[in-house]
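Visitor: One letter stands for each residue in the lines below.
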Amino acid sequence: MFAFIVRRITQAILVMLIISLIGFAIKQSVGDPIREITGISVSAAEREALREKLGLNDPFLVQWLRFIGKALQGDLGNSFYFKRPALQVILTKAPATLELVFSTSIIVVLLSVPIGIYAAVRPRSWLSRFFMGASIVGVSIPVFLSAILLIYVFSVGLGWLPSYGRGELVEIVPGWQSGYFTIDGLKHLILPSIALSSIMLPLFIRLIRAEMKEVLETEYIKFARAKGLKPGRILFVHAFKNTLLPVITVGGVQLGTLIAFTILTETVFQWKGMGSMFIESVERADTDLMVAYLVFVGFIFVTVNTLVDLVYGLVNPTVRISGRK
Amino acid sequence: MKRSVILFLAVIAILCTGFAHAATLRLAMDADPVSLDPHVQLSGGMLQYSHMVFDPLIRWTQEMEFEPRLAEKWERTDPLTVRVYLRKGVKFHSGNELTAKDVAWTLARLKKSQDYKALFEPFGEPVIVDDHTIDLKTTKPYGLTLNMCTYIFPMDSEFYSGQDEKGLAKDAIVKTEHSFANENESGTGPYVVESREPGQKWVLKAFPDYWDKNKGNVDTILLTPISEDATRVAALLAGDVDFIMPVPPQDFDRIEKAEGINLITMPGTRVITFQLNQKRREELKNPKVRQAIVYAVNNMGIVEKIMKGRATVAEQNSPEGYVGHVKELQPRFDLEKARQLMKEAGYEKGFTVSMIAPNNRYVNDEKIAEAVASMLSKINIKVELKTMPKAQFWDEFDAQVADIQMIGWHADTEDSANFFEFLNMCPNKETGYGQYNSGNYCNAKVDELTLASQSETDPAKRAKMLQDVERILYEDAAFVPLHWQMLSWAGSDKLKNADKIVNVMNFPYFGDLNMD
Numbered sequence: 010m011f012a013f014i015v016r017r018i019t020q021a022i023l024v025m026l027i028i029s030l031i032g033f034a035i036k037q038s039v040g041d042p043i044r045e046i047t048g049i050s051v052s053a054a055e056r057e058a059l060r061e062k063l064g065l066n067d068p069f070l071v072q073w074l075r076f077i078g079k080a081l082q083g084d085l086g087n088s089f090y091f092k093r094p095a096l097q098v099i100l101t102k103a104p105a106t107l108e109l110v111f112s113t114s115i116i117v118v119l120l121s122v123p124i125g126i127y128a129a130v131r132p133r134s135w136l137s138r139f140f141m142g143a144s145i146v147g148v149s150i151p152v153f154l155s156a157i158l159l160i161y162v163f164s165v166g167l168g169w170l171p172s173y174g175r176g177e178l179v180e181i182v183p184g185w186q187s188g189y190f191t192i193d194g195l196k197h198l199i200l201p202s203i204a205l206s207s208i209m210l211p212l213f214i215r216l217i218r219a220e221m222k223e224v225l226e227t228e229y230i231k232f233a234r235a236k237g238l239k240p241g242r243i244l245f246v247h248a249f250k251n252t253l254l255p256v257i258t259v260g261g262v263q264l265g266t267l268i269a270f271t272i273l274t275e276t277v278f279q280w281k282g283m284g285s286m287f288i289e290s291v292e293r294a295d296t297d298l299m300v301a302y303l304v305f306v307g308f309i310f311v312t313v314n315t316l317v318d319l320v321y322g323l324v325n326p327t328v329r330i331s332g333r334k
Numbered sequence: 470m471k472r473s474v475i476l477f478l479a480v481i482a483i484l485c486t487g488f489a490h491a492a493t494l495r496l497a498m499d500a501d502p503v504s505l506d507p508h509v510q511l512s513g514g515m516l517q518y519s520h521m522v523f524d525p526l527i528r529w530t531q532e533m534e535f536e537p538r539l540a541e542k543w544e545r546t547d548p549l550t551v552r553v554y555l556r557k558g559v560k561f562h563s564g565n566e567l568t569a570k571d572v573a574w575t576l577a578r579l580k581k582s583q584d585y586k587a588l589f590e591p592f593g594e595p596v597i598v599d600d601h602t603i604d605l606k607t608t609k610p611y612g613l614t615l616n617m618c619t620y621i622f623p624m625d626s627e628f629y630s631g632q633d634e635k636g637l638a639k640d641a642i643v644k645t646e647h648s649f650a651n652e653n654e655s656g657t658g659p660y661v662v663e664s665r666e667p668g669q670k671w672v673l674k675a676f677p678d679y680w681d682k683n684k685g686n687v688d689t690i691l692l693t694p695i696s697e698d699a700t701r702v703a704a705l706l707a708g709d710v711d712f713i714m715p716v717p718p719q720d721f722d723r724i725e726k727a728e729g730i731n732l733i734t735m736p737g738t739r740v741i742t743f744q745l746n747q748k749r750r751e752e753l754k755n756p757k758v759r760q761a762i763v764y765a766v767n768n769m770g771i772v773e774k775i776m777k778g779r780a781t782v783a784e785q786n787s788p789e790g791y792v793g794h795v796k797e798l799q800p801r802f803d804l805e806k807a808r809q810l811m812k813e814a815g816y817e818k819g820f821t822v823s824m825i826a827p828n829n830r831y832v833n834d835e836k837i838a839e840a841v842a843s844m845l846s847k848i849n850i851k852v853e854l855k856t857m858p859k860a861q862f863w864d865e866f867d868a869q870v871a872d873i874q875m876i877g878w879h880a881d882t883e884d885s886a887n888f889f890e891f892l893n894m895c896p897n898k899e900t901g902y903g904q905y906n907s908g909n910y911c912n913a914k915v916d917e918l919t920l921a922s923q924s925e926t927d928p929a930k931r932a933k934m935l936q937d938v939e940r941i942l943y944e945d946a947a948f949v950p951l952h953w954q955m956l957s958w959a960g961s962d963k964l965k966n967a968d969k970i971v972n973v974m975n976f977p978y979f980g981d982l983n984m985d
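So the sequence lines, in the order shown, correspond to chains H and R.
Converting from the first sequence to my numbering requires adding 9 to each position, the first position being numbered 1.
Converting from the second sequence to my numbering requires adding 469 to each position, the first position being numbered 1.
Chain H with its partners taken away, still in its complex shape (with noise of 0.2 angstroms):
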């Protein structure tokens, strides 16, 4: 077992290294900082000398090592816009991302189940054909087509929901302001959701509804049939939890998938979290918060993952043994 761990947490820094280089590849293509924090008219001298007082001129390598020294001690270089540390910066942005995506789960969560298990029930009923084709549409439009459309429809059109931006926000604990304490706040959070969901949703309902038509044709659940218990007690006892492991597994890993949306969902609906942050830096040439971004991302699925891979080989011995040959 230590020699797995060991194992695993090596190949997590090894992970981690490779991010790190990948990020400072795509600094060096995104644009000159410089020209971003001086105004267009400033002399070649004076842009030289503010270069050279923040390392921009030096070798690639010894950014990066630079990086990676000052990385190891919490310090994720400086955001040139915000003019604060780049790690602070995120912290303070990642509430609302945390918020978006949970919001948008609970969405998935309650709509894909019902309707995955009713379209596995009722596979020919008009209902079904009609959620099985809107998951098609669903899971083929954009999402920054569908969040425009959303913002045009509903704030435009209809008036009904605010069109951007979180709202009303409460602090809960220092550094959390929460949407979710305020009417405006939760209004504000409906159609970034649902934009955010329209990515997930479909996905969902198809593979539950895959699952759980696999596992109705199973000999345990004729046997149950047979036995007489009640239809509903098969579904939902039986024969859904059976289906929930793939969906799990799924879930895990979209959940990569749903950070990486939140980028453009946020960006159309100006929720000031980390993906928009992240374009902006990006928009901005504000490469040190760019790369503090992938770093600190890449690091979360990182941690996750290694758990995760960790609890598997506490409760899977073979996961163990497969990697040693």
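Straight-line distance between alpha carbons at most 27 angstroms, and here's what the computed DSSO-like set of lysine-lysine pairs gives:
1. 963/R to 684/R
2. 609/R to 542/R
3. 670/R to 963/R
4. 965/R to 682/R
5. 62/H to 635/R
6. 963/R to 682/R
7. 581/R to 635/R
8. 62/H to 580/R
9. 609/R to 914/R
10. 639/R to 62/H
11. 818/R to 855/R
12. 963/R to 196/H
13. 560/R to 542/R
14. 62/H to 586/R
15. 581/R to 570/R
16. 670/R to 196/H
17. 859/R to 62/H
18. 62/H to 581/R
19. 898/R to 62/H
20. 748/R to 898/R
21. 930/R to 796/R
22. 898/R to 586/R
23. 965/R to 684/R
24. 836/R to 806/R
25. 635/R to 79/H
26. 560/R to 570/R
27. 684/R to 674/R
28. 757/R to 914/R
Since the hints were made in silico from the structure, they are not lab data.
Remember, predicted model here, so these are calculated numbers, not experimental data.
Given the coordinates of chain H, assemble chain R onto it according to the supplied hints.
Guide: The following block gives chain R in isolation, referenced to the frame of chain H:
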């Protein structure tokens, strides 16, 4: 009992009338100002901020005339000196009173600012005559002292002196990290920054001790940056914000048609041009070829079709209203003549050139570049066009990687000479002139006239010099002028005088705004 009810109602009534005059402006911009320190960056956003929280000595009116602000009046006492009489009884947000000392202190700080030091290079040590009189000195005769006064936003010298809790000097100008001035302000302006989350939300409150009682009635400004064009427009249409700037050109029609919303446009002063690099290409050294290119580019067509009429066709650098503007110069689209000139120059068969343009810096920049490329193909010049985001563009521009490069320019001094100094004078690393002259056009006469204009204090003579430069550039086809961009704002009709507070510099004077 009855009495107390009446009293209660009276109080309510007073409160209501009190509130009726005060209004909240929800303002959405494409980006928020980057700092609270007006000297940290010379950019449109920072100047817009400065006009809210600080006051300049003098400001431009919509008609491009000088309007006294903190300077009550001024006079030129000799070619090197402008005497400025400061308004009395002006308070900073900290409560300190504005004196000549603050102006001198601000000027000294401007000369230290990386972004402003070049503009304030002509200025010498000012002389404080008394508490409310100061002599602004230049080291040689300088005709633009008053133009520069529009950039002097006096800062509270007492407030910004000393050290902050981190032991750093409070007056330090820091672009990328924490500084006292980046996070605290004390100006004399109509608004005080109450809270600020960069890139997210600003709350500005009316300054109760503001000197100008004759101002608008907006007592709170909620500034939200909305970088996404479509979202900004939707927020205005949905009534979530009251005023947006800028308005994306593709939405002009929609906003004009929308009820309760007014579109405000003004011919701007930013000229969009292409530079023809004579150092890289022998062909472009030939004035005939350059003229042929200018004749081949249908800039009227670009304004009409691509800009949808929301721009002014340019035939020179200086827009109307600038002293160097020459009225009789005409746009020169004539394909026959262009072909003729190419033939005369011996390039009937044409040649291939490279071209670069940004794709997110100017309005429709990419489309314009594509249009110009296809127009040049009509005179057999094959263009290899590459467009890129602005974050990458300027390094490529400086390295002069292409034969034809796009550049747009706005004169920070609101004066014609600024165009020539940066775009048309012979490039010179030492003096810094011609810093953005990637065409490497070099004409001794242009240099001579531009330099002479700097120290000419007679406005008539100076105008003549600058107009002569424009004529030379036109004859030489030094560059390809396209158009001046239009400025755009849109606001709900709750804003009573929105069209009066805007100007060609794009510094809306929100302090003067009246709302329902």
